[in-house]
Amino acid sequence: MWLGKNRRRLDEFFDVEGEKSEELRIVGDAGRVKWIGRDMTRGRIAVEGHAGMHLGSRMAGGAIEVSGDVSDWLGAEMSGGAIHVRGNAGGQVGAAYRGSLAGMRDGTIVIDGRAGLEVGQRMKRGTIVVSGGVRDFAGLEMRGGTIVLGAAELRTGAWMLRGTIVVLQSIPILPTFAYASTYSPTFLGLYAQRLKRLGVEIPVDEHAGAYRRYTGDAAIPGKGELLVWEPRG
Amino acid sequence: MGGKVSCTLGEVTNRADFIIFWGGNPAECHPRHFTKYSLTPKGRFVPDGRKGRTAVLVDIRETPSAKAADIFLQLRPSKDFEVLTTLRALIKDQRVDPAAVAETGLTLEQLQDLVDRMKKARFGAMFFGMGLSMTRGKHMNSGALLNLAAEMNAFTKFVCMPMRGHGNVTGADVVLRYTTGYPFGVNLSRGYPRYNPGEFSTVDLLVRGDNDAAFILGADPGATMPQPAIEHLASIPTIVLDPKVTHTSRLSRVHITTAVTGVSAPGTAYRMDEIPLPLAPALRSPYPTDEEVVRRIRRAVARRPAWQPVDENVRSAIA
Amino acid sequence: MDTKEQASPLIEHKGVRIEDTFAEAFGMRGARVVITARSPEWARTAAQSLTGFATSVIGCKLEAGIEADWPARETPDGRPGVSVLVFAFDADGLAKRLIERIGQTVLTCPTTACFDGLPDAEDRVNVGGMLRHFGDRFQSSKFLDGKRYWRIPVMEGEFLIEESFGVRKAIGGGNMLILARDADAALEAAEAAVRAMRGVRGIVLPFPGGVVRSGSKVGARHYKKMIASTNDAYCPTLKGRLGPESALSEEVNSVLEIVVDGLDRAAIEAALRAGVDAACRAGVVAISAGNYGGKLGKHHFHLRELVPAKPEA
Amino acid sequence: MSPTTLRVTGGRVYDPANGVDGAVRDIAIRDGKIVDSVDGGRTIDASGMVIFPGGVDVHSHVAGAALNFARGLTPENYRAARRFLHAPGRRQGLGGITPTTFATGYLYAGMGWTTVNEAAMPVLTARHTHEELHEVPIIDKSTLVLMANNEFVLDLLEAGETERARHVVAWLIWAAKAYGVKAVNPGGVNAWKWGRNARVLHEPVYGYETLTPATIIEGLAAIVDDLGLPHPVHLHCNNLGIPGNVETTIETMKILEGRRAHLAHLQFHAYGGDDWGTMRSAAVEVAEAFNANPNLTTDAGAVLFGDSVTLTADGPWQHLLYQLTGRKWANLDVENETGCGIVPYVYKDRSLVNAVQWATGLELMLLIDDPWRVHLTTDHPNGGCFWRYPEIIRLLMDAEFRKEQLRQIAPKARERIVLGDLDREYTLSDIAVVTAAGPARALGLTEKGHLGVGADADVTIYPGTPDGDGILFSYPRYVLKGGEVVVEEGDVRAVTEGKEFIVHPPSDEGTAEYLRPLFEKAYTMSFANYPVEIERVKGADVRPLH
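Residue numbers (this note's numbering), protein chains in the order written: chain A, 107 to 339; chain B, 6 to 324; chain C, 3 to 315; chain D, 22 to 567.
Treat the hints with care, since some could be wrong.
[Unchecked claim] With a Cα cut of at most 25 Å, we get these calculated BS3-like pairs of lysine-lysine:
1. C:K98 <-> C:K171
2. B:K56 <-> D:K542
3. C:K149 <-> A:K302
4. D:K54 <-> B:K41
5. C:K241 <-> C:K63
6. D:K559 <-> D:K54
7. B:K125 <-> B:K143
8. B:K97 <-> B:K56
9. B:K97 <-> B:K72
10. B:K124 <-> B:K47
11. B:K125 <-> A:K329
12. B:K47 <-> D:K559
13. B:K97 <-> B:K47
14. C:K241 <-> A:K329
15. C:K171 <-> C:K300
16. C:K241 <-> C:K219
It should be emphasised that the hints constitute simulated quantities derived from the structure, not laboratory data.
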């Protein structure tokens, strides 16, 4: 591993135990350790504590679980596998690195806490769930895939071409999104079923409420959708 | 997907009949911009000078620049992105929500009128300042305006450029690009350039406390950066090269006074349109130039044993 | 059909003679369609419509039936559902029929959605990917866990259908014949058999109510153009005219057949076993099966293997 | 320090300029030049190897404001690029599609090329181009200054003041410290400043009464000849990239009859058809016309499949490409002089258009009879990166390999090209002509491109047998630049400073005073700051005129 510009042995920083294996457990505060699980294709990493930037960046398979918080670029440009963060995440979750045409290409990211700016920027496929809500520009220039947000600040879905952003409470909508209808999208049932296994609930009960559907972003012009949950009554 | 459509300032002088200033106050911040480049001068294809041009100012408050504009559009703070995104839709004849537009402080009619005028222009130019690029949305606000300008070229000629701040910012950007490939936020600690704004940009490094020394040239972060960044600068060996004592000098370990570039030190400065201008010093200075100091430091450092980067693709015995 | 009664050792089950013959079945291609809806009733309505007029490949190009009701927790979208099995001679034909039928009967039916029920099948046919054209470019898709789903805007809201459906080798034409003393006894026995067989997963009974009264033979004696015609050897009213050529004994006055299509041999065997067991009741003279001498279909289901072996008496 | 003498012994030498075709010869080097013989010094045993003159690239974009704009636009390309780690004597950098300055020098030298002509420089930003070129180590460089949309020149040509125009061109060349004159889409870039183009050679340019692209082409070719520049006018024809542009290209050749000229990246100008759907290769027609015009030279501008960044002064074409690709686009118009557009692009073998482009470049190289008049280029980075030249060499030398590659492309494209019918295979001597001897001659660089006595000791030594990929030319065993071993076994061993070739054509003394008032009206900087000071051109080598 690298400390700044110098290459060091892993055991200068960590007590390393066990044999070569498909499973890796990192215990303690790795909040300043970058690139954990970069390019991983299989196996399992469990971080018991915090993790730093670029966790699971460009990963193609396997699973990562973090009990604490993670920093920016979580799962950036990932193409498969699953990440579950129990705490909060930084910005650019599942995003494209600067200049790249595509962010997340497939896979699943679940964040139980909150996340920062530009969640799912330029994502093409895959699912991102942030139960606690996000800051501005969620789904920026999104080209496909599904983002589920507990709440969101401004400019959600800005410049999106395709894809779905589900928000579980009312949010400010850009002028370039057009309200379409209020309904219960059948396909959300698929996501609800799947996410239930990961401990995430998406409301799909018609008796409890429905989703307001907005399409946009007309600036592109795009045919993405914002689905905003509206409880009945 | 977006673009950057620009030109040298002479093109604006000679051709632009429609000019938008967005989030900037050139009358006070770039005092010669109106008279030398963008508004009043007569140009080859704008023989009437100011009379031949329409100027629009978009800002959140009525600055002195508003007086120089034919049209002033006052929007609510942090609504730039919403307005620009709406304009991008309107130029493509897409529908927008009038009620949501109204929340920006401007009406749909005002924006439609602006779009109609933009499309009628022969040559449109857009300039933007920190009122756009440093408010909520930051680089995405600038991106919105740049995209709008690029897309306008489907209808008529349009260009767009930032009004860069003080110092030779553009020059640093230019030189970094040709030596490292990236314009800013470059990290050389692995022996080759890496780039990631938000990770390697100065303010982020300082706030996170990632660096263990700082060498500051032609900038005064102590005056502008957030408190955690300043505290970190104060806690590490910080060296400042500056003609005068700055906020950063006060918290640094070392301040080296250097000659004022352009006044008593030669070199090249890049204008905001990336035109290189030779600097011819008018005065002599008792102080060394920045270049001289950097060369001397480099020579001194070269006497120490060299640090050799290792190619991270080569899995060496250490791993 | 080979109509000769075999003079072989007598097999009996619950007092009913089990003829020592076999059902001859054919290799087919099958698919499973899971239809979900807001209520079990609407799911079943769509399923019934989808499986209508799909009794025999000869006349309908498709054989289909309802396989089972699915509780909400088992379906892909968490709503109540019904699964349907469909069978055709080949994958291409299956795809064509699915596109026609789902397009006309599920797409049109309120609240429904339509999913592939054979996710592990390697052979796949494009169904949702063709039906999406109904969306006239207003459709959109979702890609989840390696599968693509199409969302087609319709007046009610949205119709959701999976892009591709799995196709696997299957078996069509498993059957049993109930030879009874009278029509009432035949029908009661058939109803009992159908009830029992419908509890088996992986099969359907494509005929009305699961029962067919008009068993057929290949071709015709008198009309050259007929592909199939009435199974005269098993028609009680023709016993007098056919004499020894009739397959029926004196006391048989009504025969009903149950045809089973299934995704694999084991499912069909299980169904036939349950059916034979249930059909062996008062008024039933014998259980037989239809075959063509064993040369046309490669799947043979011998009745003697479907009843519990009798302890040597 | 560098050895002053060096001998290379036992290698098979390909030096077509001196009629040497694979003979085993010793090469002697003293003080950076090739000499008859030397005593002592290092000896490189090149037995079993092949020896070429150092490569000369007649048309490449390696420095300048436009390229630097492209660098900033495509950070994603660098993340996948080859990395150059800094080391004692070697600077950091990144390769990829638009390599950084240091990397450019290492990559060219590492491939065995030692001279590069940067093909597009505005006067206004020439100072910057030279700054960048100074940071391109090892190789020698030259630049062409953009002239066919310069409003001073256009106004004079419209007014018929050819004499004055010649003085202005001469003055501008020296102001820019350039080596030659480049004409890009004559009149079209100027029209682009109003969002228009110049499509028809004999129709007036938008904004002018009588001036047509044809008069600009004729006028500049005459001026360059009259000034006696070593390199003729370097012309990027109108209608680049557009289906059916073959007519424009052939008409341009007619306009140039009796004049010297170099037609840049001919591949992009050799298409038939009416639109993208009917586009076909017109290499046969273009090559036939070209073969009949011995006054012309050209370069291939070949296309290779993969990522590229298109980068040209042809602003209107770039806007079209942006609309076609819907991806990124940068544009930079330069006051009074020129413009430039940048669009990242991917050439796909399954695309009909791209497959036709790929074939057209190769067809031209195979159909033009005289290898001395057609040079190997990709119009880097437009058609592909310069560091992929070895791939083209293999395609030229191996007809079987070409046929294999043909199977990979869009099937429809095979009916639109003739590549499958061409059996010609380049010899090693032909390769030496198209990569070194020919371009050196076209550039008028008499000490380059050959290994005769008096030549610059730029020598590339390749292994005698191809590498595993069948590519002979990917990794030279040794590269000598000015007599120094700069590359050995694929590693940059010594980093030298290259020269910059410039010319100083004479202009009337009053030219500056004529230009000053015009300049002050049209430009936004001071006239005194306009010309590049000669001190700013490091390693300047002022070349003689004809």
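Hint check results:
1. C:K98 <-> C:K171: Between K98 (chain C) and K171 (chain C) the Cα gap is close to 17 Å, so the pair holds against 25 Å.
2. B:K56 <-> D:K542: holds, 18 Å
3. C:K149 <-> A:K302: holds, 18 Å
4. D:K54 <-> B:K41: Since the Cα atoms of K54 (chain D) and K41 (chain B) sit roughly 52 Å apart, the hinted pair is violated (cutoff 25 Å).
5. C:K241 <-> C:K63: violated, 33 Å
6. D:K559 <-> D:K54: holds, 21 Å
7. B:K125 <-> B:K143: violated, 29 Å
8. B:K97 <-> B:K56: Outside the cut-off at roughly 29 Å; violated.
9. B:K97 <-> B:K72: violated, 31 Å
10. B:K124 <-> B:K47: Given pair K124 (chain B), K47 (chain B) holds - Cα atoms ~23 Å apart, limit 25 Å.
11. B:K125 <-> A:K329: With Cα atoms ~29 Å apart, K125 (chain B) and K329 (chain A) exceed 25 Å; violated.
12. B:K47 <-> D:K559: violated, 38 Å
13. B:K97 <-> B:K47: violated, 33 Å
14. C:K241 <-> A:K329: violated, 70 Å
15. C:K171 <-> C:K300: holds, 13 Å
16. C:K241 <-> C:K219: holds, 16 Å
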